Amino acid sequence: MSTIIYALTNPIFKNFAFYAAASTVKMMAMSLLTSGERFAKNAFANPEDIPLGNKNQAKVTFTDPDVERVRRNHLNDIENILPFVVIGMLYVATNPNAMVALWHFRIFFFSRIFHTIAYQVPLPQPSRAIGFTVGYLTTISMAVQLFLALLK
Amino acid sequence: MSTIIYALTNPIFKNFAFYAAASTVKMMAMSLLTSGERFAKNAFANPEDIPLGNKNQAKVTFTDPDVERVRRNHLNDIENILPFVVIGMLYVATNPNAMVALWHFRIFFFSRIFHTIAYQVPLPQPSRAIGFTVGYLTTISMAVQLFLALLK
Amino acid sequence: MSTIIYALTNPIFKNFAFYAAASTVKMMAMSLLTSGERFAKNAFANPEDIPLGNKNQAKVTFTDPDVERVRRNHLNDIENILPFVVIGMLYVATNPNAMVALWHFRIFFFSRIFHTIAYQVPLPQPSRAIGFTVGYLTTISMAVQLFLALLK
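Chains as they are written, first to last, in the working numbering: chain A, 57 to 208; chain B, 57 to 208; chain C, 57 to 208.
These are calculated hints, taken from the structure and not from any lab test. Hints should not be assumed to be uniformly reliable.
When chains are identical, the list treats them as one kind, so a pair holds in a single copy or across two.
In silico lysine-lysine, DSS-like type, Cα no more than 27 Å apart, as pairs [as the list claims (entries may be wrong)]: (1) Lys-208 <-> Lys-70; (2) Lys-111 <-> Lys-82; (3) Lys-97 <-> Lys-208; (4) Lys-82 <-> Lys-97; (5) Lys-82 <-> Lys-208; (6) Lys-70 <-> Lys-97; (7) Lys-111 <-> Lys-97; (8) Lys-115 <-> Lys-208; (9) Lys-70 <-> Lys-111; (10) Lys-70 <-> Lys-115; (11) Lys-111 <-> Lys-208; (12) Lys-97 <-> Lys-115.
Please read all numbers here as calculations on a predicted model, not as lab measurements.
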């Protein structure tokens, strides 16, 4: 077989590229949300940032609940989206069924969108737990298929 | 040379895929360990998570020593395993000696397993420091070989 | 077109490999800076680390301003450099103009070097904000070009 796996001519890689990039950009958006909350709450992490805020109210704090909620969400994205990218990239090398692969990518991406909504609204539990678990199991499913292919 | 580097037909990439995925899954396991500690200690990070725990004891806290120990371990994995994946993936492109490459991957992976054991038992220092340092130097060794190949 | 994208024979990938590895090694250097600050300030994160420091002064603390400043810088690198690596790797698959791609990689890397200097000196704001924003927009620019190529 002379097909090149890692090229946009491979529809499986092309779909992976889309969902991996979309998930990564979604993760990057958390930086903007953090900044937005810091300005809204005048809650900064460094003394030199104070002049950027309202001069009468801006303060250094690490306990603002709204800022910290966004930061926990961002860290949870890092803990889940980057493993998805790594495992997904390697899973593509196993040349999986194209539809099976696409649904793994889709389910992961939308589980993380739902997780963020559940975290930021916030929705009552187990909403966020379900969003987390679905994404987590999707990545584990790809990892299992990768290991099975590697052990062949 | 017409060999395709990034394909499972390349044994160096195949070995990388195994150890990169194994290291990433090990890192993902820290999420479960964090959840387990949160339930065991009834120590949650969000008010909406309280109903998931024991209703008389569950509380929001960011200072439970057992939960925070797992979280520091998880962050340390993120700080070390993801760089290994990035540098290792690029190092594979230099078409290194297969046995040299395999031993880099193996030593890194087992150094991180040892690091986690040393962190969670915890073993007296410098156990954890040695686990960290061995993994760190393995990644740096691959980076040096990559830079030498790129500058040729 | 039979060119293999992900090989060091492709100058675009070769340039990406250099800047992705350089950015990742720069990020890894933050671990050493954290350790250095912990020893300099005798400010450790775990009780078992105390014997590594000065026995009369070493303590467990999570609020040392110098240590925490380095740790925020490290986390900011994780939040920005790893997305650059993911988006940059996928952007290379679109076979972009070689000079346009090289300048994206260069600008990103030097924006992060400047960001670290601005964070650690620290330079007055908006120095650090500019460093962050330039790097962020460089990654977003590659993501936009990737999405346009994927939608073709």
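Here is what the structure says about each hint:
no.	hint	result
1	Lys-208 <-> Lys-70	both (26 Å within a copy, 11 Å between copies)
2	Lys-111 <-> Lys-82	neither (32 Å within a copy, 34 Å between copies)
3	Lys-97 <-> Lys-208	neither (55 Å within a copy, 42 Å between copies)
4	Lys-82 <-> Lys-97	within (23 Å within a copy, 32 Å between copies)
5	Lys-82 <-> Lys-208	between (36 Å within a copy, 22 Å between copies)
6	Lys-70 <-> Lys-97	neither (41 Å within a copy, 44 Å between copies)
7	Lys-111 <-> Lys-97	within (12 Å within a copy, 31 Å between copies)
8	Lys-115 <-> Lys-208	neither (58 Å within a copy, 48 Å between copies)
9	Lys-70 <-> Lys-111	neither (49 Å within a copy, 48 Å between copies)
10	Lys-70 <-> Lys-115	neither (46 Å within a copy, 45 Å between copies)
11	Lys-111 <-> Lys-208	neither (64 Å within a copy, 48 Å between copies)
12	Lys-97 <-> Lys-115	both (9 Å within a copy, 25 Å between copies)
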